[in-house]
Structure formats: C-alpha cells, structure tokens
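Next come the chains, spelled out residue by residue.
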Amino acid sequence: MDFGYKKKRVRIDLNNNKVKIEEISDDFLLDYIGGRGFNMRVLYDEVGPEVDPLSPENKLIVGVGPLNGTLFPGSARVNFSAKSPQTGILGDSNTGGFFGPELKFAGFDQVIIEGKSTRPVYILINDGNVELRPADHLIGRDIFETNRLLLKELKDPRIQIAAIGPAAENGVRFSGIFCNLVRAAARTGMGTVLASKNVKAIVVRGSLDLGARNPKKFLNLIDKVNEQIYAHEEYIPRKRMGTTRLVTLLNELGCLATKHYQTGRFEFADMVSGEYLEKNYKKKSKACFSCIIPCSRFFEINSAKYRFKSEGPEFEGLAGFSSNLGISNIEDSLKCVDMCNRFGLDVITTSECIAFSMELYERGIINRKEVDNLELTWGNVEAIQNLIRKIAYREGFGDVLADGTLMAARKIGRGSEKYVMHVKGLEIFKADPRGIKGYALGNAVATRGGDHLRSEPSFEFTENSEEAIRRFGVPEAAFRLEYKGKGKVVKFYEERCVLADSLNACKNTITNMEILSYSEAAELLNHLTGLQFTESSIQKACERVYNIERSYIVREGIRRKDDTLPQRFLKEPLPEDSGPSAGSVVELDPMLDEYYRERNWDPKTGIPFEEKLAELGLHDIIDDLKKRGIEIKKSEEVVK
Amino acid sequence: MTKNSLKIVIDSNICTGCRVCELICAFVHTGSFSVENSRIHVEKDEFNGKDIPFLCLQCNEKYCISSCPTNALTVSDETGAVLVDENLCIGCGVCMKVCPYNGIKIHKRNKKALICDLCDGEPECVKRCPVGALSIQRI
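Taken in order, these protein sequences are the chains called A and B.
Going by our numbering, the first sequence opens with residue 501, and the numbers climb by one from there.
Going by our numbering, the second sequence opens with residue -9, and the numbers climb by one from there.
There are no misleading hints in this set.
In silico BS3-like pairs for lysine-lysine, Cα to Cα no more than 27 Å straight-line: (1) A/LYS655 with B/LYS34; (2) A/LYS1071 with A/LYS759; (3) B/LYS40 with A/LYS779; (4) B/LYS52 with B/LYS(-3).
It is worth saying that the hints were derived from the structure and are not from the lab.
Input sequences plus hints: build the corresponding full structure.
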C-alpha cells in the first residue's frame, strides 16, 4: 500500500514515443510537498530562458499533491505547468473536478510531457500504464464533443479527461486545459502548450490502492477539519453561490470591474448576480471530488433565445461577461461563458480582450472597419459572441486578439497599450484593484503575471484592527482601502496559496477560510504519509516554492519595474459613482517596499537576496543565476 | 436488530457527485481510499448534471444470491445485508448482471463482487454525505 504519495513520476517523451518512470525521493517530497511545488522545481530545472514556449523543448508538467485521492475536503485539485506562450514567463494553472485524484489512483504524482508528437495523439494513463493513442478523429472537436467521443471510445464512464478545444489547436495563446467538461485550468495558455505538442487530451483511470499510515488519526483530523468548515460563516454562502456571490459583494464595495474598469459599480449588477443565478437557473449544487462544500452549480436555461445547460460559472467568467462588457442579461453572460468552455478559452483573458477592444472603439482608437464591421459598443451581445468565435478560430480581428491584449495592443499601436489591464502580459481579474489594495499588490507581484490566485489576501476585508495588529503589526492591514501592512499580508497569503496548490486542496478552505494551520498540516501529512514534516518545514517549503518561482521569472528578466499595475489603477481615482471606493488609487510603491523587505528581496531590483535563497537551501539556484550573469546581492550590500 | 431492519435511501436530486460516500466506503472496508474498492458507486453524467449513487438495496428477490454459481453470497442475520465470501467468489459477474438496481460491481483488478454490507448497521456513507442525499430507513 502507498501512503499519500505514489512516489512516482512518469516522463513521456513524444519525440521518441518513450515512457520512463522515475522514483521521487523522500527529500523531494519534504522539500516541495506536491503539485505546484513539484512542478515549479522541475520547471526551473528543465525549462530555461532559452526555451521557446511553443517549441518541443517546452514541457507540460502535471502535478498532484499528497492529499489528492483522500478524504481531505476539496483535495481534488491538479496543477498544469509549463513556460507560458502568452507571457513568456512562468505558466501554471490549477483546477478542480475529478482528474487530479484519478491520476493519483492511476499511479503517479507527476507527469512530464516533453517533445512533440508527429501525429495527433491522446495520452491514456491507466493503472501505471501509459499509452499514446491516435487522436486524428478528435481534431477540431470542441471540449464537449471530445469528451463524448472519448467516453464512447473507451467504454468506461469512470475515465477522467483533460482536454483542449479548437482554440488551443488554432494557437490561441490563452487556451486552457479543461477537466470534467468545464473545470478549466485556463490561465497562462497551458492548453496552447499541449496543442503545440500535438496532444489533444490526457485520459486517466486508476484503481491502485492509496492508504494512510495512521488511518484512525488521519480520519480524526479530517473530522476536525470538516467540523471547522461546517461551522464557518462562509460555508452556507459558498454552498449556495460559490464565487458568483462576489458580483453583489464587490458591487456594494464599489470595485466591481465595470465597462473595462472605467467605474466600480454596475447598474444592472442585481440582474447578473450569484443570487439571481441561484434563484432563476440553478438546478442543483455540484462538488469536486471529496469536497463537502458543493460550491459549483448545475444550471439550465430554457428561454426564447437559448436552450442549454451546464455547470458553473465562477465569478470571473460571470463578471467578465456581464459588468465588464456592459451585458445586463445573465442568459447572454452564461452563453458567452459556455462558448469559451466549449472552444477551450480562458474566460478572463477572452472577456478582457473584448472589453479592451470596446474601450478602444469607444475612444475612437480603432474603427469599425478594423474590427470586421462589428459594432463594438458596450453590451452588444451579438458582436461579443461573434468575437469569441473569431478569437477561437483566429479569424479577422479575432486573430489580432488571439495572442492576448498586450500583444494585440502592440499590433494596434496608437497608444492602445495604456488600456491593457495586465501585469507581465497576463490580464487581471474582475475586481478593481483600486478598491482592494492588498489584492492590487498581490497582482503586481504574482509570479505568473496578473493574478489574484497567487495570494488571495482576503484578510483585508475583515476590518478587525486587533487581529491585524496581532498578526501583521498594523491595524490598517485589516482594511481594504489602506495600504499599510499589505506587504506582510500578501507574503503570508502567497505562502498559504502555495500550501493549497501543493497539497492540491482547495483555496476556498486553505486560503480563504484559513483552515489547516501549518502545524495541523504537518500532523495531517505525517499521519497520512509516515514522513516527518514539521510546522516549520512546511512553512519553509511554501516559502521555498515561492522563491523558486521568483527566481524563475528573474531568470527570464523580470525585475521590480515589472511588478506594477496599469496606469489607470495608479493614477486615475475610481469615479464618484463607485460608492465607498470612490476616489481611491493604488499606492503601489510603499506596498512594494514593504513586500520586498518582508521577503528579503533586493528592493531596488526585486531579485531575492543571496541569504534568503541560501536559507531555503537553494544554493544551486544561486549558482545558476550567478552563472547567467544575474547579480545576486547580499542584503548587507544594499540594506543599511 | 432483525433481518431487513434497515435500508439506505438515496435522493439523487440533491447528490452533488462528490463521491465522499465512495471514499469512506472504500477506506473503512479496505484501508485504501481507492474508490474502486467502494460498495457504493456514483454514476455521473456531467453533460446533464446527473449524479446517481447506486448500491445494494436489499431487495426481496435477491437474484444475486439465487444465481451465484459458487454460493458465495449469503444474507446477514443481523442487518439483512448481502455478504460476499471472497474465498468463494470467482468474479464471474453474474450477480452484477442480474441485479435489477445496478447495485453490484466487480472490482477492476481483484475481480471480487462489491456489495454493500451496511457497515454492520451503521453505514459510514450515510454519516458522511455532506448534503443528506443518503439516509437510513429503518423497517
């Protein structure tokens, strides 16, 4: 019986059709915990700055963690990582569903896909066996059709499928990998990387045993965690609406991204809210594998305009295709999300591409002729849905947008770059950073570019000054419109996110609800695996992973100057109609100074100090960076 | 408790498809989380949002017992559950085929019949279902 880990990774070399199974050492497990940690280490070691993201030399790495496949609530996640074809830096995307645990039951903690197949294939991993199968018949098929065909072909309803859609095949740089139909590992173009390797899908099926070293004690700890979840104030709202409840919450706070972040309040928010969706379309709650918070929803629409059913959406897709584009009919929004899901597109970047185009159109920077004669005015659903399709197939103006907004702006020119709402080439989420300063900092420094899921510093909503002083030294840390203390807050939550992504459990519990302290995590993992984790070894592992990620992007050329936000958030106050957030801008520099201090990184360059990397045991990374001429300083040389 | 004293009742309309029932079933019976070992299995149709748990319903007919060629199946006097003698079970799958309720599975690897034994009267799946889709009916 294996305990928690399978201690195996499989390397699939598509150039030579070779499969190699490698043992994973206990030291590696202890140092990197799982999923994201495993992937980041391999990415650093094997995919350097010389690698073109769309070349066979890039690697698509799939990682799961020790809790996958166990009764730990929400331990359903999986990480897909590679160098990103959208940003050129670190690519990593995480999703739930049922794929991650099935991969574990199929015998592996990690899969590394390298090279390029000469013909379209799908990868079948079944109880330790790996097979490459022809996928010519799947080419051009959308995510749903691909799932249907594979289920029919393999005649086993229990297979789990991670697939790409036509957008990835057409080289759209923000195409995702979709598990369970709509569970999207959508960000940073991981689907595009899989397509570049001629792989249409990864199918897993597993029945191998997986136990706990101390079953009773492990189960007792699970019971404790479950009790905390059931008693948590967020349990009921999350169960009812999942993340879609944020439409109302953020709109009330005046920082719901509206008409491309031109204001923070959407007048039709209550018609596109999580509450509205729940009341009018939700058929039932849906959960990921092993999760007791069924935060996902199955819905059905039967109206004059639409007849379809699906699962989801999350806040990002809903707000991206409502407030941020001026769409006031939720059925239209849901249809847009459904289209992205079938084409295999990232809803954040896709909706942002369209919002960006609409702002340029409104300002007269682009004209109707340039955009295939589409009337790109706010809320024009026909034009929006047309453009989604054009992006997926790289047709006309869709081809301009299919590389993401930053590259689109570079093609368009005419000063359009200042309207790109990105960090490091990745479009940001659908909350306005000006109304949540910790999240603003989190986005500015996130290692995969514009991203809230690398930190989720939700503490800034608590307004609990005492707790803020106790935990982060200053009362301001508990208030979303204040900037003081946010460096500390963001560092703390970044490491909680690493913990969640490396255990491959859900951030809803580990990060937002802050369930499972580092010492509880150590106890849990020790009872599960029989290894000797400690509170400090786990905390340090999380910090180590984050520093590897930073070192990775430093090696790619990222410096402090890149840890920034679009000018709109730094210079233009949120307008009057943004309620309690009106007048706010992001005070980024003082937050960055505090953040680098907390991280012990060079505040001038954003490069980690040598002491920090040494303290984390990353001597080989110090040597690597130095060898490449990157100046790693000691803190005493810089900080007086 | 007397024979046929309890039954697990399924409400698939509220089942979220999380498979916690499968996990705990597998774990308490085999010490392994591998859901392949579970006596309850959730059939999922993600296209239509359907999640339907299946398990032995202790029906009156018990075709499984009458058709078992090796007499590997018996009824528990205490709970009324159908018990599998793994030494006798040859994994022929006849019980699975004749079950009108899709309540029996054959293990993918060890080829033994998997039938709900009601956890000796205290079904763990019922205790752990996060939404109450499984409940106990005492007869």
